[in-house]
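Novice: Read off the chains here:
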Amino acid sequence: EAQVTQNPRYLITVTGKKLTVTCSQNMNHEYMSWYRQDPGLGLRQIYYSMNVEVTDKGDVPEGYKVSRKEKRNFPLILESPSPNQTSLYFCASSLFKSTGSIEQFFGPGTRLTVL
Amino acid sequence: GDSVTQMEGPVTLSEEAFLTINCTYTATGYPSLFWYVQYPGEGLQLLLKATKADDKGSNKGFEATYRKETTSFHLEKGSVQVSDSAVYFCAIAGGGSYIPTFGRGTSLIVHP
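Chain order of the listed sequences is A and B.
Heads up: the first sequence begins at 177 in the numbering used here, then just goes up one per residue.
Heads up: the second sequence begins at 34 in the numbering used here, then just goes up one per residue.
What the hints contain is simulated information worked out from the structure, not anything from laboratory work.
From a predicted model like this one, the values you see are computed outputs, not experimental measurements.
Treat the hints with care, since some could be wrong.
[Stated by the list, open to error] Beta-carbon label-pair distances, calculated as ranges:
(1) A:Ala178 with B:Ser140: 23 to 31 angstroms
(2) B:Thr59 with A:Glu206: 33 to 41 angstroms
(3) A:Ser258 with B:Gly42: 24 to 32 angstroms
(4) A:Lys241 with B:Gly111: 41 to 49 angstroms
(5) B:Ile142 with A:Thr181: 46 to 54 angstroms
(6) B:Gly42 with A:Gln179: 23 to 31 angstroms
(7) A:Asn227 with B:Gly111: 18 to 26 angstroms
(8) A:Tyr186 with B:Ser47: 29 to 37 angstroms
(9) B:Thr38 with A:Glu206: 48 to 56 angstroms
[Said to hold, decoys possible] Partial list, computed: chain A residues near chain B (C-beta under 10 angstroms):
(10) Ala178
(11) Gly216
(12) Gly218
(13) Gln221
(14) Ser270
(15) Gln280
[What the hints assert, rightly or not] Non-contacting residues of chain A with respect to chain B, defined by C-beta distances greater than 12 angstroms in every case (computed):
(16) Ile188
(17) Leu195
(18) Thr198
(19) Asn204
(20) Met226
(21) Tyr240
(22) Lys241
(23) Asn249
(24) Ile253
(25) Glu255
(26) Thr286
In this text, a Cβ means the ideal position worked out from N, Cα and C, and glycines have one as well.
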């Protein structure tokens with residue numbers, strides 16, 4: 177079954193304690209991205225990756241890091257989390273079609289609370 | 034850059050009512066247009082899409098038509114059900130940028 181998995185699904189942590197949210201896809205997609213979802217703000221892209229070892233900033237990259245060492249994995253790293261990073265995070269994996277269309281597949285989300 | 038504007042919610046309807054959620058966009062080139070749905074506690078799922086002007090995407094009774102002249106992609110359903118209660122996101126991709134751009138989402142609440 178084609179899917180995007182994220183772990184953990186729920187996380188409560190304290191300010192300054194480094195954490196990693198993992199994301200994995202089994203569709204051999206080249207493009208992956210991370211979003212955060214906040215009330216009234218919709219989805220905002222944090223980082224994206226066009227391929228292995230190719231990453232770039234999205235709209236709200238401050239306070240986050242990513243890596244893309246393998247095609248299937250795209251972890252999101254918070255080196256020193258702060259309360260304003262309390263949010264719902266989604267990983268997405270995308271297929272670009274020859275027609276120019278794009279289809280995104282989303283993970284189930286990770287709800288992060290930083291105290 | 035590309036942008037998507039969709040009507041603010043929440044939209045509150047009674048069961049079997051007609052639904053319209055407006056979505057307009059700005060983009061360079063010819064983007065593909067999407068509607069995603071997010072049910073409570075879940076991630077986003079693709080609901081429907083259209084890849085060129087005048088295309089109509091449809092799924093689960095929902096429809097949206099790619100209107101290039103008005104740069105719009107309004108979501109409609111003739112008769113909503115309680116199970117349609119969710120947040121709906123309009124999105125574009127593949128116009129000026131391959132990076133998808135999302136609207137802020139519209140919450141739909143359907144009462145029995």
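Novice: If a hint holds in the structure, say so; if it does not, say that too.
Specialist: For each hint, the structure was consulted:
A hinted range of 23 to 31 angstroms for the beta carbons of A:Ala178 and B:Ser140 is consistent with their spacing of about 28 angstroms. Evaluation of the 33 to 41 angstroms hint for B:Thr59 and A:Glu206 yields a failure: the beta carbon distance comes to about 27 angstroms. At about 29 angstroms, the CB distance of A:Ser258 to B:Gly42 agrees with the hint of 24 to 32 angstroms. A hinted range of 41 to 49 angstroms for the beta carbons of A:Lys241 and B:Gly111 is consistent with their spacing of about 47 angstroms.
At roughly 30 angstroms, the beta-carbon separation of B:Ile142 and A:Thr181 lies outside the given 46 to 54 angstroms, and the hint is violated. Here the CB-CB span from B:Gly42 to A:Gln179 is close to 29 angstroms, well matched to the stated 23 to 31 angstroms. A:Asn227 and B:Gly111 have their C-beta atoms about 43 angstroms apart, which leaves the hinted 18 to 26 angstroms range violated. A C-beta distance of roughly 34 angstroms is found between A:Tyr186 and B:Ser47, which places it inside the suggested range of 29 to 37 angstroms.
The hinted range of 48 to 56 angstroms is not satisfied by B:Thr38 and A:Glu206, whose Cβ atoms lie roughly 30 angstroms apart. Because the smallest distance between the Cβ of A:Ala178 and any Cβ of chain B comes to about 12 angstroms, over 10 angstroms, the interface hint for this residue is violated. The criterion of a C-beta within 10 angstroms of any C-beta in chain B is met by A:Gly216, whose closest approach is roughly 7 angstroms, and the hint holds. Hint on A:Gly218 holds. Least Cβ distance to chain B is approximately 3 angstroms, under the 10 angstroms limit.
With a cut of 10 angstroms, the hint placing A:Gln221 at the interface with chain B holds, because the nearest CB-to-CB distance is about 7 angstroms. Because the closest C-beta pair between A:Ser270 and chain B is about 7 angstroms apart, less than 10 angstroms, the hint holds. The beta carbon of A:Gln280 is positioned within 10 angstroms of a beta carbon in chain B (closest approach about 6 angstroms), and the interface hint is therefore held. Separation of A:Ile188 from chain B is adequate, the least Cβ-Cβ distance of about 17 angstroms exceeding the 12 angstroms criterion.
With a minimum CB-CB distance of about 20 angstroms to chain B, A:Leu195 clears the 12 angstroms threshold, and the non-interface call stands. At roughly 15 angstroms, the least C-beta separation between A:Thr198 and chain B is larger than 12 angstroms, which holds for a residue marked as non-interface. Non-interface status of A:Asn204 relative to chain B is upheld: no Cβ of that chain comes within 12 angstroms, the nearest being about 17 angstroms off. Not every CB of chain B is more than 12 angstroms from the CB of A:Met226 (nearest about 8 angstroms), against its label as outside the interface.
Taking the minimum C-beta to C-beta distance to chain B, about 16 angstroms, the non-interface status of A:Tyr240 holds against the 12 angstroms cut. With a minimum CB-CB distance of about 19 angstroms to chain B, A:Lys241 clears the 12 angstroms threshold, and the non-interface call stands. Distance check on A:Asn249: its Cβ is at least 18 angstroms (rounded) from any Cβ of chain B, clearing the 12 angstroms threshold; non-interface status holds. The non-interface label for A:Ile253 is consistent with chain B: the shortest C-beta to C-beta separation is roughly 20 angstroms, beyond 12 angstroms.
Listed as outside the interface, A:Glu255 is consistent with that label: its C-beta sits roughly 24 angstroms from the nearest C-beta of chain B, beyond the 12 angstroms cut-off. The Cβ of A:Thr286 does not lie farther than 12 angstroms from every Cβ of chain B; its closest approach is about 10 angstroms, which violates its non-interface assignment.
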